[in-house]
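Enquirer: Chains as they are written, first to last, in the working numbering: chain A, 3 to 392; chain B, 3 to 392; chain C, 3 to 392; chain D, 3 to 392.
Treat the hints loosely; a few may be bogus.
Same chains, same label: a pair holds when it works inside one copy or across any pair of copies.
[As the list claims (entries may be wrong)] Straight-line Cα separation of at most 20 Å, DMTMM-like style, residue types lysine to aspartate or glutamate; simulated pairs:
| no. | residue 1 | residue 2 |
| --- | --- | --- |
| 1 | K177 | E119 |
| 2 | K177 | E67 |
| 3 | K317 | D54 |
| 4 | K279 | D381 |
| 5 | K317 | D17 |
Treat the hints as calculated values from the structure; they're not laboratory data.
The lines below spell out each chain.
There are 4 protein chains.
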Amino acid sequence: MNEPLRMGMVGGGRDAFIGAVHRTAACLDNGVRFVAGCLSSSPDKALASGADLGLDPRRNYRTWEDMLQGELALPPGQRIDFISIVTPNHVHYPVARAFAAAGIDVVCDKPLCHTSEQARDLAHTANKSGVVFAVTYNYSGYPMVKQARDMARQGELGDIRKVIVEYNQGWLAGKLESTGQKQADWRTDPSRSGAGGAIGDIGSHAEQLVAYVTGLEIDAICADLTTFVPGRRLDDDANLLIRYAPRGGVQAKGILTASQIEIGHENDLRLRVYGTKASLIWHQEHPNQLSFRPDGEPERIYSRGNGYLGAAARKNTRIPAGHPEAFLEAFANVYNAAGAAIRARRTGAALADADFPTVIDGARGVHFIEKTIESSRSDRKWTDARWTNL
Amino acid sequence: MNEPLRMGMVGGGRDAFIGAVHRTAACLDNGVRFVAGCLSSSPDKALASGADLGLDPRRNYRTWEDMLQGELALPPGQRIDFISIVTPNHVHYPVARAFAAAGIDVVCDKPLCHTSEQARDLAHTANKSGVVFAVTYNYSGYPMVKQARDMARQGELGDIRKVIVEYNQGWLAGKLESTGQKQADWRTDPSRSGAGGAIGDIGSHAEQLVAYVTGLEIDAICADLTTFVPGRRLDDDANLLIRYAPRGGVQAKGILTASQIEIGHENDLRLRVYGTKASLIWHQEHPNQLSFRPDGEPERIYSRGNGYLGAAARKNTRIPAGHPEAFLEAFANVYNAAGAAIRARRTGAALADADFPTVIDGARGVHFIEKTIESSRSDRKWTDARWTNL
Amino acid sequence: MNEPLRMGMVGGGRDAFIGAVHRTAACLDNGVRFVAGCLSSSPDKALASGADLGLDPRRNYRTWEDMLQGELALPPGQRIDFISIVTPNHVHYPVARAFAAAGIDVVCDKPLCHTSEQARDLAHTANKSGVVFAVTYNYSGYPMVKQARDMARQGELGDIRKVIVEYNQGWLAGKLESTGQKQADWRTDPSRSGAGGAIGDIGSHAEQLVAYVTGLEIDAICADLTTFVPGRRLDDDANLLIRYAPRGGVQAKGILTASQIEIGHENDLRLRVYGTKASLIWHQEHPNQLSFRPDGEPERIYSRGNGYLGAAARKNTRIPAGHPEAFLEAFANVYNAAGAAIRARRTGAALADADFPTVIDGARGVHFIEKTIESSRSDRKWTDARWTNL
Amino acid sequence: MNEPLRMGMVGGGRDAFIGAVHRTAACLDNGVRFVAGCLSSSPDKALASGADLGLDPRRNYRTWEDMLQGELALPPGQRIDFISIVTPNHVHYPVARAFAAAGIDVVCDKPLCHTSEQARDLAHTANKSGVVFAVTYNYSGYPMVKQARDMARQGELGDIRKVIVEYNQGWLAGKLESTGQKQADWRTDPSRSGAGGAIGDIGSHAEQLVAYVTGLEIDAICADLTTFVPGRRLDDDANLLIRYAPRGGVQAKGILTASQIEIGHENDLRLRVYGTKASLIWHQEHPNQLSFRPDGEPERIYSRGNGYLGAAARKNTRIPAGHPEAFLEAFANVYNAAGAAIRARRTGAALADADFPTVIDGARGVHFIEKTIESSRSDRKWTDARWTNL
């Protein structure tokens, strides 16, 4: 077995939600050990949270700046291999920038940062220092999403004409942020969440899922963002029409909806891709199935763990068909792929398959959020939303 | 038992699809007898088609003008009670106008006609002559749609914030009209279908379904119509953002998609309504169920035929729960409701419940199609699409 | 068009459930006209019920004996072509026997009669007089059931190893018969329903569905019948293990469950057939789909109305895919197939395809009920339940 | 945080399936560390497998006897806290007996052992030494199964009348054991698997699931075991009728089917419980939902992670609703509950809630397998299968 990678973490302390998911996912397959952290922006809470989790007191830091300094002072063989950033959004940028600049590989939650300017800076910093920089768009870690991507790439859909992606949630239908619920509190606060509410928190997942599966690039956006809950400061519902860049003579059209006020939906991310030959449907809440619908033939239900699936789906599967895998495993797949890149960087080995979202995907996501907000404020129907790879 | 109403029909001869559905539905509960017809625009085919169906040769007409004249010449007790118009769209207007003007009640397929001007004329004609004028937006005939309407009206959803309606089809993903397939042929021909392709043929059903269930009125539309199949002359895919007129201080937002190129979908009409208290989901291909999702409680699956349902659902149900009813029965419910109005007009009795779409709904539908096309051609994001009841 | 067949009916008056279904189904495609009836065992109710339905008073009979006599007195060209018997079970035998003996074709509801002796007598009577004798096992009228049958016959499943058939209902979980509910009343009364409760009323449908689709013959039965509701006189729950006659060297095993006390199920008839090459699953409450699962390949969802289906499914389909058909249409398919046989008998024409259940199927069903009851009372595990075609 | 428990493992080396699941599940929440092992019955393979996983060479043992001796030689603060036994079935007994007798807590896979005599011995051994002895009936670890149990216990179903439990698999429909596939090889070999094939491997899960949720005790069994695949030495299909001990005056009836030859099913464990007031349905392949069907009301879909669920479901949930949890998490819940008992034994603290299957459940399962085989060979319908707690 490979020696596990040493992970440090910023954020994810007491009361956090996603930090524990990151830790469990990162370590799921024993490829990573969690060895250092600054788990809260409050030094006392940070220390208490790290103690809860059994961190070595010397590596349970009061501030992320302390952690960076402390880890750099360790010999390379003990120092963290990478930093996982799972704070509220506004902290992503300074932390990611500092660790990347110091040559420490980065795994950062999404959305990457608040502005395209920050994103560009992060991408340049990562590029300059040569670090691996993964962004945890976790839904692209699902095996059946990878199967969808393979099938789309291999032309089984023909030319893509239309994409409908939905991210339906209902948890913010009431003013939950008034109750002190921590997740609602920061996600509805522009100073911490960024300029996007639903569009940033979940719409960016939807954008990335489409890009990952189809490879389509957005040409233009027509957005209508709404804040339904009185007194809320960010959008809680986003509806978009999209025009993708023509490919093979076909310009695909899209609908993207992301909402946090749709009562009765939990975490209902759905993707449909319609081509000239077939269509695909995937649904995050039942992630082990993928519907494939070739023209003129019966619908086929592909199921995770079967021999008829492609290499990417098989590689990202742990247990046999019918023994359902879910959210944690998909998240772990992102960490594993990033981990493979981190190991490859250490050894200088060629990386066969860098199948994880990078700082570039994160930057494209920030651009998408900005353009959506711009479009929503515009009277023009179409807002140019083309993105130039950094 | 009431004496059955006597129905004449225009259209619906050999090779037609929807004519047989209308005849079966109209007569399903023995409230209607089919006694006269001009079943094709080709006189020979009309006569042959009527003979196929056993029409009395004296009432099997060569032209609809002959039928109108012939029926008016009969004594009222033999004359048709109403005309059912099931032709391609371009024939609706002249036939409906002539019969309505002659005082004969009308049941007409949707979309009502090609232009708002025609629609206004039909509404005025019907109003002047006092005839009953039903438009067969058949999906509003489903019992569980009526249940949804009742629940929305009674406030079980709270204020409505968002509506997503989809009408997904894939049958025109290829150029079926080139093969001589009759349904594809006229539906893709602007001179017969009207200015709308998918938006007219199925988008108008989606519009009516929302209006029927929610009572929401459209304020503004932002549409993107596409013709994906090369050489086709009408849109085969329609994506809309919608703003509804504020109600109770809440402005509902909407997404409407209607497509004929989404391979793998058959007749996949779906409605979701999200309110401040609960949401509703209905799906035409499994029409006997209705999902109701109150905030903070488990989803509830309402099922047709059960005692916990409201009066409208129960009234429009024939057979017990679990013995599925479907398309024909919903269609028949529209005919039955129209038939009740026709009988009431005969007897002068008050009509307790005119639960069927009328010429007014048809006119609003034509307005919707026109505004969608206008919006699709516009660079402005929002096209005013308010409609003034005629 | 063919002249419609003239149908008489016994039973199905006021308060009945299934009579109206038979009338609607028989006449759905205009191949049958309902012209005579004795709609209740109570003469007054019979007359009132017939008047409700607009029967010619001369052919609205007080007793079924009157009807038989009255119709025989009419010239053949006016006389009913066939009698439809939709009474409670105990009336099936005398009526069917008398009409069959008089040379009038018969359509009779299931279970055919109370005893195998009666069944044998009916089969012999029908055989002697040469009449057509259909039994309305309506679920075999569904197009996707016919597709399943075709696929099983054509070897797409390989050799059949196992069959699971369920008929789950919950409507008799309480003592509904105490409330005066008419359906519950006679169905739980041995003198009218026969010796079987759930096993007779719905178990017999399950038996026939398996026989129809698979062609398997029952060798032996191991049954456990229960009466859960205190005071009820017939079983309301039936669970069976079944051994089928070996075929191709494989002895298939079966599970059959039929229950009226399973709260939360409405009319939940389900069939699963497992072969050496593939399996099939069908569910009556969503009858337009059929799941086909070939070994080592993705599940395929066959959907009614598509071109890839076989001749039998296509022939029994009225409207396009996605426009759901349901219970009434399946019932009508049984009437249509029986009607074709009745017409063929009139004309002496060869009948290409007698695809409807006959008195033989009805007799086998009665045998099945008897053997199940015998088994349930026995301490031996297996009760020989082989059936010799009459 | 509590210091993690130290786990040793027997079995689960290269080519094994379930060993990795146990390791991941045990360590998922950082409550357990894997520190010692003998991962194969082949010493060379054992050492290689342990090295793969990074075991300390001093605690990577050649035989389980070596491990027992080696660990006992360590000071208590270093010695393994418990042994996890994940070998083929025939090895469970000697290993479990030896470790239990030595006072080391045991987590053992199911079925517990080959005979009731062995099971009794294990139970007595565990009782005498006072060890915690868990058996990994992992399906009872699912939160929605715990919710079902709570609802059944709290009387929300009323008295239970009927239980249908199915464990449908198709992976052994062909003679997979001839191909050298390791899982198929030992599971179809009586000397390693025990006297039960499908009934032992998966039927025992079904038995335990019913007992866990309902608390019903089996009175009598009527079984039909079949070996469909030629040349196979154990049953690959099991169908049972069951009579449960009367409770509250109601004797519940049951159907249990467990099959490995049902093509198209993967790991399709389903449970339905029907009471006098309501019913429950749960399905392992979509484990985050639970259907509750109260009499006369709409079906309700309970979904994991929501506030309306009971304490047991909430306690066994890690991530929010809509972020699906699955097989691994359920397995981990069993380890966590066993771990709590192990910690409580260390500290002498009272254990609030010992919510995990024990040696007693394992023994009852072995009894069930034996009685099923006895019944299958018997000509009598009912085989007494009552079980006396040891």
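Enquirer: For each hint, tell me whether it holds in the structure or not.
Expert: Checked hints:
1. In this assembly of identical chains, the alpha carbons of K177 and E119 never lie at most 20 Å apart, being 32 Å within a copy and 47 Å across copies at closest.
2. In the homo-oligomer, the alpha carbons of K177 and E67 never lie at most 20 Å apart, since the shortest distance is 35 Å inside one protomer and 61 Å across protomers.
3. Taking CA atoms no more than 20 Å apart as the test, K317 paired with D54 passes between copies only; the shortest distance there is 18 Å, against 34 Å inside one copy.
4. Proximity of K279 and D381 under a CA criterion of 20 Å is satisfied in neither setting, with 36 Å inside one chain copy and 32 Å between copies.
5. Taking the shortest Cα distances, K317 and D17 sit within 20 Å of each other only across copies (16 Å), while inside one copy they are farther apart (34 Å).
This entry does not satisfy hints 1, 2 and 4, going by the numbered hints stated previously.
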